[in-house]
Amino acid sequence: MAEPLHALTALGQTIPYTKEIGPYRIIERFDVALASLATRKGRDGEVRAAAAKAGLPLPDPARAASGNPYSAFWVAPDMWMVEADFATHEDIAALLKPLFGEAASITEQTDAWVRFDITAGNLAPLLERLSNVDFPAVPDGYASRTVIEHIGCYLIRRDIGSVVLYGPRSSAKSLFHALEVTARSLL
Amino acid sequence: MIIHHPILGPRDAQEFVYLGDASLINRPDGLTAGVEAFYDYLYNRGNPAGEHRELWYHEQGDRSWLVVTRNTVTHEIIKVELARDVAKAAGRTK
Amino acid sequence: MSQKNRISGGQIDRSKVLTFTFDGKTYSGHPGDTLASALLANGVRLMGRSFKYHRPRGPISAGSEEPNALVQLRSGARQEPNTRATVAELFDGLDATSQNRWPSLAFDALAINDRLNTFFTAGFYYKTFMWPASFWEKVYEPIIRRAAGLGSLTREEDPDEYDKGFLHCDLLVIGAGPAGLMAALAAGRAGARVILADEDFRFGGRLNAETLSVGGRTGAEWADSVIAELAALPNVRLMLRTTVIGAFDHGIYGAVERVSDHLAVPLEGKPRQTLWRIYSKRALLAGGATERPIAFENNDRPGIMMAGALRTYANRFGVTVGERVAVFTNNEDGLQTARDLVEKGVDVVAVIDARPDGPLLPGIRHLKGAEVVDAAGRLGLKSITIRQANGRTETVEVSALGVSGGWNPNVNISSHHRSKPVWSEALQAFVPGEGGPQGLSAAGAAAGQMSTHAALEGGQKAAIAALAELGISAKADTVPEAEDRPLSITPKWYVNAGKGRAWIDPQNDVTVKDIKLAHKENFTSVEHMKRYTTLGMATDQGKTGNVLGLAIMAGLTGQTIPETGTTIYRPPYTPVAMGTLAGRSRGKEFKPFRLTPSHKWAEEQGAVFVEVGMWLRTQWLPKPGEKHWRESVDREVLATRKSVGICDVTTLGKIDIQGTDAGAFLDKVYCNTFSTLAVGRCRYGLMLREDGMVFDDGTTARMGENEYVMTTTTANAVTVFRHLEYCRQVLWPDMDVQLISTTEAWAQFSVAGPNARKLLEKIVDQDISDSAFPYMAAGNITIGGLRARLFRISFSGELAYEIAVPTRYGDALIRRLVEEGKAFDAVVYGTEALGVMRVEKGHVAGNELNGQSTALNMGLGKMVSKMKDSIGMVLSQREGMNQPDGYRLVGVKPVDPAATLTAGSHFLEKDAKPVIENDGGWLTSKVYSPHLGCDIALGYLKAGDQKIGRRMRAVNLLAKTETEVEIVSPHFFDPEGERLRG
Amino acid sequence: MRYSGLRVIVEALTGHRGWKPVWRDPAPQAHYDYVIVGGGGHGLATAYYLAREFSQSRIAVIEKGYLGGGNVGRNTTIIRSNYLLDGNEPFYEFSLKLWEGLEQDFNYNAMVSQRGIINLIHTDAQRDAFTRRGNAMILNGADAELLDREQVRAMYPWLNFDNARFPIKGALMQRRGGTVRHDAVAWGYARGADLLGVDLIQNCEVTGMRIENGKVLGVETTRGFIGAGKVGVAVAGSSSKVMAHAGMRLPIESHVLQAFVSEGLKPFIDGVMTFGAGHFYVSQSDKGGLVFGGDIDGYNSYAQRGNLPVIEDVAEGGMALMPSIGRARLLRTWGGIMDMSMDGSPIIDKTHVDGLYFNGGWCYGGFKATPASGWCFAHLLARDEPHVTAKAYRFDRFLKGLMIDEKGQGATPNLH
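Protein chains in written order, with the working numbering: chain U, 80 to 266; chain G, 1078 to 1171; chain W, 71 to 1052; chain B, 522 to 937.
So that you can see chain U by itself, here it is in the shape it has in the complex:
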């Protein structure tokens, strides 16, 4: 058996990238496994039961919820994106499938996305220049798809000073560039 393949981050590095711009901190996350989970027709009850058993929250629309070992955010009716620690759950889809059997459709999504965790005292000035989400008004745990400089992303508000952005992996550099120049314009 051949030796394992090495991995590259979405920004093309061997180790994830962190950038500090004044009060803004942009951290590329490389340690989160992702899979989509969609309930099959009429199997909602089974899915919720299995999820509860697995320690997998299934938040309401436009919400994210963290759990152990799984966290999740809502992406579409009857569909969530499930997050887990990459080190222990790299093959997240394979780990989830037995838990749900034929009651859910599960698809690996880990490398479809680049994830940036952004922090600052108050992220409103940055995000009001990037996204039409009413960031100061939405509650913590809010999760929504949004467009940033023509790039479709998922935005999760942890709190007023902390946000998680998932963007399409292939556009990681363009998205990072947008975050960078905007943050710099606020110094």
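There may be inaccurate statements among the hints.
Said to hold, decoys possible - Cut-off 30 Å, straight-line C-alpha distance, at most; resulting in silico cross-link-like pairs (DSBU-like, lysine-lysine):
id: 1; chain 1: B; residue 1: Lys762; chain 2: W; residue 2: Lys490
id: 2; chain 1: W; residue 1: Lys197; chain 2: B; residue 2: Lys585
id: 3; chain 1: B; residue 1: Lys787; chain 2: W; residue 2: Lys583
id: 4; chain 1: B; residue 1: Lys541; chain 2: W; residue 2: Lys122
id: 5; chain 1: B; residue 1: Lys585; chain 2: W; residue 2: Lys590
id: 6; chain 1: W; residue 1: Lys208; chain 2: B; residue 2: Lys787
id: 7; chain 1: W; residue 1: Lys197; chain 2: B; residue 2: Lys541
id: 8; chain 1: W; residue 1: Lys531; chain 2: W; residue 2: Lys490
id: 9; chain 1: W; residue 1: Lys1030; chain 2: B; residue 2: Lys690
id: 10; chain 1: G; residue 1: Lys1171; chain 2: U; residue 2: Lys176
None of these hints come from the bench; they were simulated from the model.
Got chain U; can you put chains G, W and B on it based on the hints?
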């Protein structure tokens, strides 16, 4: 424009892709209906100046297809429904 | 030069001196000045030239409605044409030049147009310049174009950055005058989310220009105190230098913040301007009013301006426009200018009051029932001629004249949804009408509440009412006391005197005569009048002149003014820089990049990249010494066909389709059948639009009983996904199908060529022998234990696989393939070689999948199953799409192998003339085939299937070339497909 | 009255006393041989050619608002015949030829200015497509040239050649393309028609159609019933509304198309240019304004106004292509209502109602089509058979599968 998404609340219409008249829901059955029926279904439109039921897709959102009832003269939006619900109510199944 | 017209007072910082230049001459001013106020302080009245007659002009206003004092601000790449001197904030080192004149502002050769004005009436150009026809482009038009235009644009890239953003509020208050301030205060105190935006660089609106008192303090002081309170409220956002440009649907407003225009150069990293998209639940228009002139002969002399502007310069900027001043008014407001100027010690020689009666101003020569009939002083006002009530005329020397014909509420934004403003007899002006933008109300002068008290009260009321609709209760505080005098206006539009010209639209040189001519020629509807005379089409969009013009037209037609109506108010409220509307989407950032998993590796190899939609793909990889791209591409093709080649095909769309109805679903969306596909197998699928045309194609694999992986073309990945969601939600809502895109989740490489299997066997952990993994097999495998996917499919016609790993491992996989491939002289090939091999094989791609072609056109007609209902099946049977002589896909070879082909060339029979009747079709895709050693092409040829073996001409009339070609089967290479099964 | 340079001089020297109304304002008569519904460019041109080329008389044009108040007065004034498909190209080339002689023909200077139009090429596939198109144009008797990158650079060196997201690789050029002063087209045809005895009736809206035994007898209007031998409807933008009076549903949707003009500038762009990698086209008017536009807003609308996203989209395309226009200011935006048809091409055809004829579905092509549209519609009205260049513009092409789909988008009007 702002579309009040039945699940997500007010969302900028920029996040949506427009298809057209919601009558497109009523697709004839290809094994029983003929060219005439499909021609009328696909090509002819009421195109009213006033209330118009139309299909919008929340591409930069939750990927729901919506039926939006909108006034084409004032752009006022009167009603927004999930297209799936409308289609089922219209008797569409598999 | 001394500021000889600087007088006492004003909101300028006299402790600091700013120096600036105008037309190369150096002047001084103070912080708080505009370019116009500073020039006037220095005794400069002449600031521009008019559009048509090149008449000398000075400012007529002190605001954004200015039509005359337009200058080129800054120089070099930052040169900024048509900037209003009246709103350009003065900064140290400001450098401005006058425009639309040659050789100089004081002497302009094209002022000859003014002498010839009698020929240049409204629309004269529609009646001449027609003979000879060819002279229009060659002679007349070039002259007109050179003379036309105002400022000039640099050809250099704009060096400044522009930004955009989104804001949300309960109440957007447009304008920070008395009404806006009271509204913001009421709403802010109630805890509502408020945005207060004002285009000026100082809050307060007219309060900054008046001496009147509010709540016992000067208006400006009161404004400052309100701003101080609002600034302390966290729920209030104050936006200075921010113009609300338009009302769009459902409470969305556009606003432009001039972040850096008051600086010589933007600060490092800061934008010049920001475009804000404001989402408001309610909005209040408190944009004030604009004073309008009274037209009289030569009323465009530099030094003649609005009475309110004269007052603004004196009160706010401490500037008098001249030593001897007169005022011409038809309403009470004009008298205030006289009072204030006298107060400032300016010599007010006369007040010419069109109103016959009423009280007289004490201590001033106040002529009742009088009018100004003429003005003299070409480069600057010297004197005016007055006609008194008794008919006696006299000429009075003055260097400035303030004119007030009344005030027009700034209804623009309330009419951006095309609702008509309504006429107020009392004000002799239009006020906002019904049916304006949802959620927008108006207050203050914008709503016709002309006194300060009315504005204060109106602003508060409007805010309380708007918030009540949102369930927010704001309480009414006592309104500070302020003047509350009536406007008392007597309509006066123009002075009917001699033969001279009286200007209505000064920039476009539209005079009373032009309106009369338009009437004579029956251009009497306001829109016809506007378009024929160009009234209101200048950079000020008729803010001062429009109402005057239509009132005069009403007089001529005998209609009332409301019957005559207004033209349409359109966004933007004031002109907006293109850069601001574009924001950061320019240059390389015009659209985001999508990079493939092998991008980093390919960059290291010096690959040439090509834009494919948003993607950058490797086009070819030149080896050292290769001079022409063909050398590289030929090598890549030959090496692949000889041994093995590797290509990144990640950009192809991948859609994961699961659910118990997944197979049935695919039978609906593909014209061929997938429900019968065995698990672990894949099949080529053809997708039609409902109109029966081919939409997309690709290979779809069945990975499990209820699990398929669909591939789409790179170009249609997004639209196919959208279409599938449509089918599953709208057409067949009960189907148990779940979709998600996995395009980016997997790095996928094609490994093609006789040695493809040998190469992969060195890498994958499983047995992939032909028996274990036959042609069209698909399955999950591992690479050193890492989960991966393998598909035995071929686009090149070779024994080929597509192997996929999670994207983060894609870089490693291409390096591994290249490393292990050395044993086989493997190459990595790009999109060019890919294209060569697919054309050799006769596979359709983008140029054939053009949305105008049927399965039949492509020779795939048999794929459309009539046994089941699928999208497009029925309408694909229409007669027009099934004609025997319709287009068919063919292969094309030059008869002379040395001859070249060009894609886009059309087919003609041997001796046929190049006319459309003889058009046989066209070459869709052309490549050079290193195997056949000549150019080959695919094409759509009428009845092509019946013309195999025929010789025709491929004609490129654009290059005037043609090539004799042989029509052949599109399958140039291994037509039996032995290799891919090998 | 005949217009000429001499007349202008004479009038100037005699105080402009002699100028006459450019058209009369007649009261509608009880009956006409032809009633043309729609006083826009196409309706006025139809009436003009009916009278002038087909020697018909007793013609009225009825207009709900003012003459030329629709899309002929709200567009980007571009004329060209650079179409691809056989159904379109002969028609638009016919139109371009009519433009070339129009002013002398109707004695009005509409400023027909053939300053050339280029469609920029950014990919090899685009070059292939434009080569196909250019050849089709020449085969149809039009002019076309394929320019390489350097030829484009020589014309417009200040385009974004060095830092472009989508590089400029060349262009398809039609030198005979250009611009026309749009209002003057309506006024020229109106004046010409009026001089030929056509009654131009403004502020007269159609409220119904009188149809008996499958034959049209006339139109009900806000100014009373007007009888007609034949009724020709040319009301693009409102086609569905008017034809509904005849009980018809059309293969048409109404959409808003915005257009834009900048402040006046000294000469900057000589010809017309379209950006192939973004939604942007531009020219400069004789007054100096940059006139530009992009795509329709994309949703059904009769509101004659658009929204911000398209304005931004167009500006982004403009800045990407011409980085030096950053400091030019957008002065005015406006919105016209387009008949967007199901294949992006127009309809000039009879209807199922005897004596009722239809002209519409012009999509983006309406202005440049004005002369040929008028001529071909007049031909159909007078002769009851389609003009040779317009024979493909039939209603039944959708039923028969003979769509004329230049963009290959199928039955999605907002994508054409």
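Can you confirm whether the C-alpha distance between B:Lys787 and W:Lys583 stays at or below 30 Å? Within the cut-off at roughly 27 Å; holds.
Given the hinted pair W:Lys208 and B:Lys787, is their alpha-carbon gap at most 30 Å? 18 Å, holds
Agreement of W:Lys197 and B:Lys585 with the hint, judged by alpha carbon distance not exceeding 30 Å: Holds, at roughly 27 Å.
Checking one constraint from the list: CA of W:Lys197 to CA of B:Lys541, max 30 Å. Satisfied? Holds, because 13 Å separates the two Cα atoms, which is no more than 30 Å.
Going straight from one Cα to the other, do B:Lys762 and W:Lys490 come out at no more than 30 Å? 23 Å, holds
Sort out whether W:Lys122 lies within 30 Å of B:Lys541, counting only the CA atoms. 24 Å, holds
Hint check: W:Lys531 vs W:Lys490, CA-CA at most 30 Å. Holds or violated? The hint holds at about 24 Å.
Between W:Lys1030 and B:Lys690, is the straight-line Cα distance small enough, at 30 Å or below? 20 Å, holds
30 Å Cα cutoff - pair B:Lys585, W:Lys590: 23 Å, holds
Check whether the Cα positions of G:Lys1171 and U:Lys176 lie no farther apart than 30 Å. 26 Å, holds
Of the numbered hints stated above, none is contradicted by the structure.
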